[in-house]
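Q: Please model the complete structure; the sequences and the hints are all you need to start from.
Given next are the chains, with one letter for each unit.
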Amino acid sequence: MKHRGFTFEKLKIASFDFTCCEGCQLQLANRESTLIDFLELLDIKNFRELSSEQFDDYDIALIEGSISRQDEVERLQAIRRQAKTLVAFGSCACFGGVNSLKNKFSLKELVAEVYPGMKVETMPVKKISDVVKVDLSIPGCPVNKEEVERVMVNLATGSLVTLPKHPVCFECKAQLNTCLFELGEICLGPITRGGCNAVCTTGKTPCLGCRGPSEEINMPAFVELVKARELSLDDLQEKIAFYNAFEGFSNHEA
Amino acid sequence: MIYKVIAKSEFKRFTDALLRDNTSFGPRQVDTDSRGKAVYQFLPVTSSDDVAFDYTATASSAKHFFLPFREELSRFVFQDQEWDQQISYEGNPIVLIGLRACDISALNILDDVLLKGHFPSPYYLAKRKNTFVIGMDHLPLPDCFCKSMNHHTISTGFNLFCSDIGENYYLSINSSKAFNFLKECDTRDPIDDDNCRLVERRKIISDSFRSEVDVTALPSILDIEFDSPVWEKWGNKCLNCGTCAMVCPTCYCYSVEESFDTNLKGATRQKKLYSCNLVDFAEVAGGHNFRPKNGDRLKYRYYHQHRGFAENANQQICVGCNRCGRACLAGINPKDVINDLRMEKESCLTNISSSPDRI
Ligand code: SF4
Ligand code: SF4
Ligand code: SF4
Ligand code: SF4
Ligand code: SF4
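Note that the protein sequences, when read in sequence, are chains Y and H. Residues in the first sequence are numbered from 0 upward in steps of one, following numbering that gives the first Met the number 0. Residues in the second sequence are numbered from 0 upward in steps of one, following numbering that gives the first Met the number 0.
Watch out, some of these pointers could steer you wrong.
To be verified - Derived DMTMM-like pairs: lysine to aspartate or glutamate, alpha-carbon spacing no greater than 20 Å straight-line:
(1) H:K271 x Y:E214
(2) H:K7 x H:D49
(3) Y:K144 x H:D260
(4) Y:K203 x Y:D234
(5) Y:K144 x H:D193
(6) H:K7 x H:D193
(7) Y:K9 x Y:E229
(8) H:K232 x Y:E223
(9) H:K264 x Y:D36
(10) Y:K11 x Y:E52
(11) H:K270 x H:E70
(12) H:K11 x H:E70
(13) H:K264 x Y:E145
(14) Y:K203 x H:D32
(15) H:K264 x H:D79
(16) H:K334 x H:D206
(17) H:K264 x Y:D42
(18) H:K270 x Y:E146
(19) H:K236 x Y:E229
(20) H:K264 x Y:E31
(21) H:K202 x H:E256
(22) Y:K9 x H:D79
(23) Y:K164 x H:E257
(24) Y:K226 x H:D32
Unchecked claim - If you want a taste of the chain Y side facing chain H, the calculated C-beta under 8 Å gives, among others:
(25) T6
(26) F7
(27) K164
(28) F169
(29) L182
FYI, nobody ran anything at the bench for these hints, they're computed from the structure. Even for Gly, the Cβ is constructed at its ideal location relative to N, Cα and C.
A: Here is the structure:
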């Protein structure tokens, strides 16, 4: 494609799933109104959900899921060697995601519970950046297709790729939602990165922080406000731990 | 201005027709909060029954009807080696019913900033002049402080303003459009008794304010207190969420984003309301942030609201609705912040220049 003297190369892309539900990859086939245009941007080299062909000459690798087995580590390292841009795709890849709940239990206990009597190789869940270098993160459970499109368009046109730096509240207010704290619930909107258009809170469900911490969050003030409203600190802990996205912000007071 | 009196039943008939025939928005209850209080927002209405005439104040202001949270400024279409820019100033006619005096004051302030400067905004103008504004007076909430800001009464900026004088509304008619609409209705000229009731109503409203913010010499106090520890104290509580600016009727800041369409055949330039409390508000190319600290960002919001910037002739732009204070999860509100600044100022006065000893 050529415009104003610029030539846009199609993005040689591959997508790989690790420990996850494949919901983020599924999002790529979503948003039908622009699906054809979106696929036009891509030269798909390897993408189980979109095409059966498989090639290894990709530049961009979308990594979906977290890492929970040794063979996954090796597969991921091989992808890293090939990819010029490795993208942590979705909350499992970015933070460990829901799978990280596993890390609260002993592996033995887990295997006995889930696969009784079977020999299963497993290890504590890791996020992608624990294993290889990540060039770009697109958080979300699942990812927001609109954002993925924007990122891909920016990569194709060589524009700066950024994520919103404001928290979810900011987008929540633009939808004229009643704050869930006013309705007596704990919502992670004030500490979570926006960009999802506050989809959960607009549906009157508290934000669980799937997009991870917003830029420079104020965790002490956030814990303070939960306390001031006499809401349950256990509920707060549970929500914060849900996607394992606030690891670096463990709050001692809560 | 023309004054008329209309029976409430007749006013209902008038609004029914008006709201039915026009795209209209008015206060509606959207929720009941955990303390049992009703939450209102300006939402679409099609008859007078939809309008919560007895509402208190909406959680978010009516600003977004004039400054949408997100608005396309222009479209670009690429063709061959050329490109074409398309701009349209859209302003479909709408009716806004139920605005409070402070809400209308806020529109007048936005008019000053957005229409009277060097670069009047055609986007704002298109919407402002196509909006039929009906104001309604009310008894203030316990935390309203518009009286302190002198925005509890209003004489311009609306088409029609209704003062509740019991069985009737006392109407202030401020546009020929409103006058013509009302011709169809049964109204009469005010008599002495109506005038007395209006004066009484105004007095009751004025006497009902329970929150006061002492704003005497506030601009200069803000200048003097530029480095006050008060900013850090309140800044430490701030979540950088931007909620205050989003619900505020006069915050008009925005950011502009340009993005290609997915098919790369066009692009859009969009404006999105923004807030000086957000971490990247003062971030520039290369990543330098001129206001990296919470307290600095919060301070600038108070500066703009309560001291004013040159672009609107150093006027305060806060109208005292306290929407920001009500919405702030961290409990940051103009009354407490300003009182704190004043105390800080006064304690420094007593400390440094204590009165000379007698004899
Ligand atoms: S509901 Fe959640 S996201 Fe929305 S304003 Fe309240 S805290 Fe923020
Ligand atoms: S509201 Fe919170 S949990 Fe829901 S999609 Fe957005 S970031 Fe994720
Ligand atoms: S002052 Fe309150 S509402 Fe405003 S950004 Fe800070 S925490 Fe959010
Ligand atoms: S107070 Fe802040 S967000 Fe509001 S108009 Fe001023 S600079 Fe903009
Ligand atoms: S700063 Fe707060 S009190 Fe003042 S006009 Fe804005 S929302 Fe209302």
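Q: Does H:E256 lie within 20 Å of H:K202 when you go C-alpha to C-alpha?
A: Violated, at about 48 Å.
Q: So if I understand the rule, the pair passes when the alpha-carbon distance is 20 Å or less; does H:K264 with Y:D42 pass?
A: 18 Å, holds
Q: Quickly compare the C-alpha distance for H:K264 and Y:D36 to 20 Å and report which way the hint goes.
A: 10 Å, holds
Q: For the pair supplied as a hint, H:K11 and H:E70, is the alpha-carbon distance within the 20 Å limit?
A: Status violated; Cα separation ~34 Å.
Q: Given a cut of 8 Å on the nearest C-beta pair, is the interface hint for Y:F169 held or broken against chain H?
A: 4 Å, holds
Q: Under 8 Å is the threshold here; is the Cβ of Y:T6 close enough to any Cβ of chain H for the hint to stand?
A: At about 11 Å, which exceeds the 8 Å cut-off, the nearest Cβ of chain H leaves the hint on Y:T6 violated.
Q: Does Y:E31 sit within 20 Å of H:K264, going by the straight-line distance between their CA atoms?
A: 18 Å, holds
Q: Are H:K270 and Y:E146 close enough, with their CA atoms no more than 20 Å apart?
A: 17 Å, holds
Q: Tell me if the straight-line CA distance from H:K334 to H:D206 falls inside 20 Å.
A: 19 Å, holds
Q: Is H:K270 within 20 Å of H:E70, Cα to Cα?
A: Measuring from Cα to Cα gives roughly 5 Å; hence the hint holds.
Q: Does Y:L182 hold up as a contact with chain H if the rule is Cβ-Cβ below 8 Å?
A: Constraint on Y:L182 satisfied, holds at 6 Å.
Q: Assess, step by step, whether the Cα of Y:K9 is no farther than 20 Å from the Cα of Y:E229, and give holds or violated.
A: The hint is violated at about 54 Å.
Comparing the model with each earlier hint shows violations of hints 5, 7, 12, 21 and 25; every other hint is respected.
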